[in-house]
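Which chain is which? The protein sequence lines are F and C, in order.
Take 1 as the starting number for the first sequence in the numbering used here and just add one per residue.
Take 1 as the starting number for the second sequence in the numbering used here and just add one per residue.
These aren't lab readings, by the way, just hints derived from the structure by calculation.
Glycine residues also receive a C-beta, built at the ideal position from the N, C-alpha and C atoms.
Hints may contain errors.
Quick partial rundown of chain C residues pointing at chain F, CB under 10 Å, derived from the structure [what the hints assert, rightly or not]:
(1) 10
(2) 23
(3) 25
(4) 39
(5) 42
(6) 44
(7) 48
(8) 50
(9) 52
(10) 56
(11) 59
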Amino acid sequence: MIRVQREDFDAQAEARALVAGNHRVGGVVTFVGLVRANAGDAAIDAMTLEHYSGMTERELAKIEAEARARWPLEATLVVHRYGRLVPGDQIVLVITAAAHRHAAFAANEFLVDWLKTKAPFWKLEATAQGDQWVEARAADDQAAKRWVAE
Amino acid sequence: MKVLYFAWLKARAGIGEETVAPPPEVATVGALLGWLKARSPGHAHALADLAVVRVAVNQEYATLDAPVGPGDEVALFPPVTGG
C-alpha cells in the first residue's frame, strides 16, 4: 500500500492496522525517516519536500511490487510526506510484515534504498545562508545498486 | 506536448509547466531538450548540464533516445532526493 500525504503519521497505529487479523505474520519491521537538524555543517531551519504527483505514486507502487516479488511478504506500507517539515518531523514510513524476520528486514531496507533513488521527491533546505536544493548522494546510489547484484 | 519542470529546474527555467509545439523533427527526448534550451536564457540555464537532468515521459523514466510526440507529458527534474 502506498500513500503520499502532507499529514503526519502514527507508525505504531499503522503497523497494527496493517497486520490486524493476519496470523501468518511473525515479524514486522518499521522504518521511520526523520528530518535531521543539520546538513553537513549547516543548521537547517526547515525543509520543503516537492514531488511529482502521479509519477511518485507510480514509482512507489513499482518499488513495492518489486519487493513483494523478491521476498515472501504478508503486507507492506509506504507513506511519504511532502510539504514543509522541521527538524524532528517524520518524513517517511516503511513497514514490512512477513512470516519470518529475514524477509521483513531485507525487504524494508530494499524499499528505503530504492525509494531514495527512484521516487521523484526533492528536498529544499532552509538554512541561515538561504534556501538550497539538496543534491543527490552517491552513497544512496551505491546503496540501491547493491540490490541489483543479489 | 506538456513540459513540467521540478525543483531547481523550475526555478532556473522560471516556469513550472508549459505547453509547447515543437516541429515534427523534434522526435526524441534529446532533440526536445536541445529545442527547449533555445526558448529563453532561463531554459538554457536550467538545461546547461544534462548530466544532472532526469527525464520522465508520461510519468516513466526515459533516456535521451526515447521518442516524444504531441500529447506526451515530459517532466524534467534533478536527481531525486526523497526518503
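Status of the hints after comparison with the structure:
no.	hint	in the structure
1	10	holds, 8 Å
2	23	violated, 27 Å
3	25	violated, 27 Å
4	39	violated, 21 Å
5	42	violated, 16 Å
6	44	violated, 19 Å
7	48	violated, 15 Å
8	50	violated, 15 Å
9	52	holds, 8 Å
10	56	holds, 6 Å
11	59	holds, 4 Å
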